[in-house]
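All chains should be modelled from the sequences, with the hints used to inform the complete structure.
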Amino acid sequence: MSDKKFDAVVIGSGLGGLTAGAMLAHDGYSVCLLERNFSLGGAASVYKVGPLTVEASLHQTSDARNPRDVKHDILRRLGILDEIEWLATGALYTVRGGPVGEAFELPFGFAAAYEALAARFPDKRAAIQRFLGEVEQIHDALWTLKQAREESSFAKLARGLWEVAPAAAGWQNSLHEIMERDFAGCEALKCALGANLAYYGDDPRRLWWIYYAIAQGAYIGSGGAYIKGGSRQLSLKLAKCITKTGGVVRMGRHVSAIETDAGGNVIAIRHVARRAGDSEERIEARVAMANCAPSEAAAMMDAPARAKMEETFGSRRLSTSLFSANFGLSAKPSTVGLTDFTTVVMPQNMRRFDQYGDGAGAMAEDPKGELPLHTIANFTAVDSGLWDEPPILVSVLGLDRIENWRDLPRETALARRERWLDAIQASLDRDYPGFSGLVTTRMLLNAYSMASYLNTPEGAVYGFAALPAEAPILMGFPRTPHTPIAGLYLASSFGGEHGFNGAMLSGAEAARLAERRLAVAT
12 MSDKKFDAVV IGSGLGGLTA GAMLAHDGYS VCLLERNFSL GGAASVYKVG
62 PLTVEASLHQ TSDARNPRDV KHDILRRLGI LDEIEWLATG ALYTVRGGPV
112 GEAFELPFGF AAAYEALAAR FPDKRAAIQR FLGEVEQIHD ALWTLKQARE
162 ESSFAKLARG LWEVAPAAAG WQNSLHEIME RDFAGCEALK CALGANLAYY
212 GDDPRRLWWI YYAIAQGAYI GSGGAYIKGG SRQLSLKLAK CITKTGGVVR
262 MGRHVSAIET DAGGNVIAIR HVARRAGDSE ERIEARVAMA NCAPSEAAAM
312 MDAPARAKME ETFGSRRLST SLFSANFGLS AKPSTVGLTD FTTVVMPQNM
362 RRFDQYGDGA GAMAEDPKGE LPLHTIANFT AVDSGLWDEP PILVSVLGLD
412 RIENWRDLPR ETALARRERW LDAIQASLDR DYPGFSGLVT TRMLLNAYSM
462 ASYLNTPEGA VYGFAALPAE APILMGFPRT PHTPIAGLYL ASSFGGEHGF
512 NGAMLSGAEA ARLAERRLAV AT
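In my numbering, each number is its position in the sequence shown, counted from 1, plus 11.
Please keep in mind that the hints were generated in silico from the structure rather than gathered at the bench. Don't take every hint at face value.
Capping the alpha-carbon separation at 25 angstroms, the derived lysine-lysine pairs in DSS-like fashion look like this [to be verified]:
id : residue 1 : residue 2
1  : K255      : K15
2  : K59       : K343
3  : K251      : K59
4  : K239      : K251
5  : K16       : K255
6  : K343      : K15
These numbers were taken from a predicted model, which means no experiment stands behind them.
Below is the structure:
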């Protein structure tokens with residue numbers, strides 16, 4: 012066993028861990044990042060399955076070029092904002108079916124979104140204006156308060172506290188409750204505003220209104236974007252921020268233990284070669300950044316520390332999981348009429364927005380009738396730089412649960428996957444005649460795939476579920492990178508909110524907390 016010393020060890024190379032490591036390295040701390048896989052990025056990566064190049068997770072993110080986007084200041088501070096080519100994806104999405112009926116396109120920009128919604132639902136103009144106004148104000152309040160903290164600006168603090176008034180009023184509400192307040196009886200309007208709910212959760216009755224406002228506000232305010240070359244470009248840039256300062260990034264290393272001293276402080280990390288389980292090394296560190304689920308971090312600790320983690324995090328509800336059906340085509344999907352970047356298709360038997368998650372259990376059986384709610388991602392709607400030549404990727408995403416696949420014999424699970432691929436392909440062929448004739452390869456990832464690839468319990472793709480806050484706003488934001496173990500921080504969606512934005516925000520906040528501890532120790 013060899014011993015080394017670093018200020019910080021990052022466990023995992025997802026966006027939260029990479030962001031935390033990059034921020035610490037940028038500020039002069041020594042960083043070692045350990046990744047169990049043999050590629051960087053976790054969900055923020057691109058990989059090959061046979062001849063098909065697959066985008067692991069990023070189908071759309073809010074455009075970081077907008078100064079009020081949550082990623083903007085992080086990437087600007089690290090000096091990599093302009094090193095990444097952000098491709099605007101146009102309208103946020105097109106949604107059709109269910110209560111919406113004929114296709115509706117939600118543009119970006121609050122004014123444009125209002126005009127489109129008001130034109131479709133003219134009798135709800137005042138309610139739409141109120142709803143979007145609150146979304147914008149809550150989104151802006153987060154940005155203003157963040158600026159106030161970083162600049163120690165009393166003026167910005169005062170403005171942020173004024174802007175946060177709508178958040179205070181609805182702090183403990185669900186999205187369903189706020190939509191009922193403004194749009195009771197107009198299910199089509201609710202669906203038009205929340206068609207991409209699967210980016211955040213699976214049930215508007217249990218989704219925190221504040222989280223929806225922050226996340227959807229980022230999309231509406233900044234517009235959607237895809238990174239040219241795929242999400243791996245962002246991961247590689249963040250990793251370079253670590254290595255160019257003398258930090259270390261090591262792949263294929265499995266963390267076997269997080270050591271604590273008698274006072275419960277993190278003191279060291281032990282890790283081994285993932286494949287062989289040998290070549291153990293020990294790194295002394297003053298802080299550890301866990302880019303993994305709290306349960307995974309707890310499993311690396313001794314019994315007393317593990318018990319503390321279980322007491323703090325064990326009862327928290329996990330987020331949804333997803334399936335991803337990936338098709339490789341011999342020609343661009345525009346040749347059969349698929350031109351939008353993001354299309355949300357709701358089943359005709361869906362009557363209310365609060366039925367959004369009803370299809371999450373569909374894959375427990377073979378396909379029956381029309382597909383559950385799903386989203387089509389067409390990456391060639393922009394110049395992605397990845398699918399200029401066949402096979403060209405089209406992905407279909409939807410809600411899934413690991414219970415749908417639990418305890419199935421391998422052959423049974425494989426056969427069911429094929430039947431679902433058949434059903435999804437047939438649906439696409441009906442909507443875009445000729446689609447099946449372009450398919451040359453295909454694959455289905457399910458909740459088990461997500462659990463295995465992301466090393467996350469139950470395949471939870473967004474960390475903990477974004478449930479409405481139980482305590483009033485004066486108690487602060489309910490999710491934090493803090494853990495009960497001194498020197499251990501959650502640098503992932505489990506320590507903040509969901510998606511790319513949430514993971515990066517959590518990583519940046521974890522780094523800020525770690526720096527405070529490191530500065531005191533120094």
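If you check each hint against the structure, which ones fail? Hint 6 contradicted; others consistent.
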